[in-house]
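Enquirer: Here are the chains, one letter per residue:
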Amino acid sequence: MKGICSRRSFLKVLGAGAVGAIASACAATPTPQVIEKEVTVVVQGTPQVVKETVVVAAGPSGKPLLRFFMYNFDPWLQALPKIFSDFEQEVGTAEVKLESAPWDQFWPRFESQAAAGIAPDLQIGDPFKVARYCDKGVYLNIDPYIERDGVDLAQWYPVTIEACRFEKETGLMGRGPVFGLPATYVGTVTYYNKDLFDEAGVGYPNEDWTRLEFQDAAVKLTKDANGKRGDEAGFDPENVAVYGCSTIGGYATAVHLWNNGGGLVSDDQKECWIDKPESIEIFQWLADLIHKYHCNPAPAWFQGQPDVFLTQKIAMKLDGTWNLDYYVEKLTFNWDIAVVPKGTKGLPRITYAGTNTLHIFSGTKYPDQSWDLLKFMAGPGGMKYFMKTGTPCLIAAAESEEYLTGKPEHRRVAIEIGSYARTYYPHLGNDRWKEIYNQEIQALYLGEKSAEEVCRTICEKINPILKEIARA
Amino acid sequence: MGALRAVDGASVQPSRRATARPYRSLRKAITSIIAKVIAYLLISITAITMIFPFYWMVSSSLKTEVEIFLVPPKWLPIPPQWNNYVYVFQQVNFGRYTYNSLKLGVLWTLGVILSSSWAAYGFARVRFWGRDTLFIITLAAMMIPGQVTMIPMFLLMNKIGWVNTHYPLWVPAWFGSAFGIFLMRQYFLTIPQELCDSAKIDGCTHFGIFWRIMMPLSKPALASLALLSFMGSWNNLLGPVIYLYDESLFTLPLGLTRFSGMYVTYWAYTMAGATITVIPILIVFIFTQQYFVRGVVLSGLKG
Amino acid sequence: MPVAGRRAYERVSLWERLKRSEHAYGFAFVAPLIFGLLVFTYGPVLAALGLSFVEGDYISISRWVGLGNYGRAFRDELFWRSLVNTTYYVIGTVPVGMALSLALAIAMNQELRGIVFYRAIFFLPTITSAVAISLMWAWMYNPEFGVINSILKMLGIKGPMWLASPRWALPAIMIMSVWRGLGYNMLLFLAGLQGIPKEFYEAAEIDGAGAWRKFLHVTFPLLSPTTFMIAILSVIGGFQVFEYSYVMTRGGPLYSTLTVVLLIYQRAFETFEMGYASALAYILFFIILVLTLIQFRGQSRWVHYEL
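Residue numbers (the working numbering), protein chains in the order written: chain A, 1 to 472; chain B, 1 to 303; chain C, 1 to 307.
Hints listed in this document are in silico derivations from the structure and should not be mistaken for laboratory results.
Please read all numbers here as calculations on a predicted model, not as lab measurements.
Among the hints, erroneous ones may be present.
To be verified - In silico DSS-like links for lysine-lysine, alpha-carbon gap of 27 Å or less:
no.	chain 1	residue 1	chain 2	residue 2
1	A	K292	C	K158
2	C	K198	C	K214
3	B	K74	A	K330
4	A	K330	A	K388
5	C	K153	A	K292
6	A	K388	A	K345
7	C	K198	B	K28
8	B	K74	A	K228
9	A	K228	C	K153
10	A	K194	A	K168
11	A	K330	A	K194
12	A	K97	B	K103
13	A	K63	A	K82
14	A	K63	A	K97
15	C	K158	B	K219
16	C	K158	A	K449
17	C	K158	B	K74
18	C	K214	B	K36
19	B	K219	A	K194
20	C	K158	A	K228
To be verified - Rough simulated footprint, nothing fancy, chain A against chain B, three-plus residues with beta-carbon under 8 Å:
no.	region
21	142-155
22	233-243
23	248-260
24	265-279
Glycine included, each C-beta is placed from N, C-alpha and C at the ideal position.
This is chain A alone, in the form it adopts within the complex (with noise of 0.2 Å):
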């Protein structure tokens, strides 16, 4: 296909380039089926179009060459060639190339390749984006090589693979075959600055915090301009040094919703649950820690800030473990993490995982290739890597020495979130809900409504919407 085109096909995309480009992508979208065939060249288009892009990818060795498409981010840069290197001398079936996009156009560029046929043979996928690649015949259904190699998907964390699974009648994800294999996770833990809890003389967070020990402790952590302490007479609200917590924003509310029993929407994603009574509590639990204890900064304090833990203007806070490895490095301070605080109710303690899941493209030509690729890195010869840039999926490498040594003291916490950790809200039309609902609770931080006004709102924009995408 490089080089010059024919003239026949350079006439066709002169006088036609809207109609080729919607004629292409007409077509059929490519069957998961392929794998049956050795070399399978599945794109979207014409028969012709297939015809001119098979090209024979072939690494210096003559082995099949496969381009692997990762979002710039430096530890798995680094990582990764390790990985692909290894897997060339242990398994060898194919060489692998490492092509990489940095984050903001990273979805831009795969769409662009997916619309053209010319994904790379292998991605790390997005949380919030496999279910529509899946939707959309992208991603390969691996479950027939599931089958074949009688591979045990129990020696993952549970709620990764379910990251992996896409039902198409229902649109949901966490059910049906699977279309890749899990690589990192990350979960909310907490978070905490031990030099400033030492100096506020308040004991570490423990197994049987709940919010309200929480949001005590938050307060008493809280210090203004002059050293007086958020529970103190005389404590300025307006000069505030150090805040007790920063537990507002996506996952963060997400798991208070969900240890009260609330939530956003129902898990069959039919329902909007924020006016649910026990979603209110937490919405006005949030905003008064925000306006009535003044222990957690409102939004406006962030801007400029990209992170305040590293600064120490926070002492506590509710985050992914995405920042573990890069704390380990930056910071100066004494700090450690323990579980989120458990709700009030007493209901068992859920937090929030995302996975890192990684994918074969339903149209790449090496099929076969590719998923000995991909077994190969979800298992003991990628963990040893990726268990350097976050907690890996795989639980013999999570539960290993390596893993488990080193700071902080209690890193065990990050891989026990795999046993009762949930997703978040993984449906193929979620991110047309959650638009609305991010920009609506605004609202509620800036204290201009009270949340069961805010949170009524909401449901009666979303409810709609939520009729609208749901599938069965």
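Guided by the hints, dock chains B and C onto chain A, whose structure is given.
Expert: Relative to chain A, chains B and C alone:
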């Protein structure tokens, strides 16, 4: 023409001017001094606000991750963390990326300058059928947000076989850029028609007029177009991301994005990368801006 | 000549006619442009037009909806909101930005000491990395310890919440955008100023015109082609503003910085409704086109081309 009339209009009060002269010149001197002081003051204040972010970027690139966001801010990066730069240079194939960026910048800029002024001459100085409609059609291309034409554009480039090559990033420039055409057309339109007419009488064709008269007279416009085009190509991130897969084809800004991720950004490295990226443009700016101080190009041509 | 045959005469005349034909010259000058437009520009533009009539994207299309996407846009509360925001943005930034950059260009056109240095400084924001700039402004706008509110506090004014306030977020972005665009437009004005012959100023000075009169009667009319172009380009660019709200506020708080192109981006790449995004893009296109045509109609009133 309007301007000439206006200047003439200003000259119909000779008597008042003559009587007020001694008093006026003193007042004029004082006002001009005050005006100058105010001008320098305003310029300086604005200059400080302009230079501040740049300073912030450079100083951040020499701080540790924690120091960057301290409140109150740490104004001076002491001790400077030169290691940030060392690390960036180690991780990034700097020479290769710079070469690619320069190559694309030069090809793009040359293309824009030549093709745009060529087409602009047609719009400014030749009367032909459909001219004004074509001009609007050209401009209209700028009015469609790129977000929706990006994917079809990619499909097209893929059909031509240009994906993973540098071609999509410079060839289109050689067929004219709407911005460049507009800029040059406006400038050509201000060049006196008499110059062209006399050249025509001397036997010059349109091509001759374009090359021998219009282009030399348009140096300031060409210089600013060159600078802005080069800058556009140099800072273009989306294009290289979409079209380039092989690391050996990467441009400098693209290569330097690896330090900011989805959740975690290494600010010090990012700022070091941003600083490295700006320096070549600054050099180009200082080089081209001499064309803006050359003085008035038309002096002596029209009496 | 007198004995030339009929055919020979015709051949010569055809060539001569071609050589003299303005149309032929015109097409010679615009031929590369027409080729480029057909190949690189209008193919994708038409593809987007086609997609605006369907539900789906470039990977696969679910169904033909005709004008359904356009109808949906007119019922879409967010679209109207974004259109109001964008219009507000354009009205607020274009005239102010142009006036300031013109003033700056005139100042920078003086033969003053160190002018090169100053010019470089004013151009700095245009070339400094957008990430660095957004982050720094977010920090300056921080209501508690940001530079801006600290200064206001010294003056005894309680500053607003800026980017966190539904009322002030868009003005905050507008201020930043004017600031950043100054150098760019200054450069364009500067090029235009260089084209004004000194003789006109000398003539005006002999006639005793002061600085203001010189500006009004020499600079402004002679610069009008440049001003006109910057106005057109600023309106086109202003209606497509996207980057600042995308990076700094994601359209919030409460949709107060949601612009049309940000909405288009969200529909295209976040909720993946490319068909709808294309329809929105075409509505925006139509609005910009009409405004541009109106400006072209109006130019005869104030734009002076030939000297």
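Enquirer: If a hint holds in the structure, say so; if it does not, say that too.
Expert: Verification of the hints:
1. A:K292 / C:K158: 21 Å, holds
2. C:K198 / C:K214: 12 Å, holds
3. B:K74 / A:K330: 18 Å, holds
4. A:K330 / A:K388: 15 Å, holds
5. C:K153 / A:K292: 25 Å, holds
6. A:K388 / A:K345: Distance ~38 Å between A:K388 and A:K345 Cα, so the pair is violated.
7. C:K198 / B:K28: 21 Å, holds
8. B:K74 / A:K228: 25 Å, holds
9. A:K228 / C:K153: Cα-Cα ~23 Å, so holds.
10. A:K194 / A:K168: Violated. A:K194 to A:K168 sits at ~47 Å, over the 27 Å cutoff.
11. A:K330 / A:K194: 16 Å, holds
12. A:K97 / B:K103: The given pair, whose Cα atoms are some 25 Å apart, holds under the 27 Å limit.
13. A:K63 / A:K82: 19 Å, holds
14. A:K63 / A:K97: 12 Å, holds
15. C:K158 / B:K219: 50 Å, violated
16. C:K158 / A:K449: 22 Å, holds
17. C:K158 / B:K74: Roughly 25 Å separates the two Cα atoms, so the pair holds.
18. C:K214 / B:K36: 17 Å, holds
19. B:K219 / A:K194: The hint is violated at about 64 Å.
20. C:K158 / A:K228: 24 Å, holds
21. 142-155: holds (count 5)
22. 233-243: Satisfied; 4 residues make the cut.
23. 248-260: Coverage by chain A holds here, the residue count being 5 at a Cβ distance below 8 Å.
24. 265-279: holds (count 4)
Comparing the model with each numbered hint stated earlier shows that hints 6, 10, 15, 19 do not hold.
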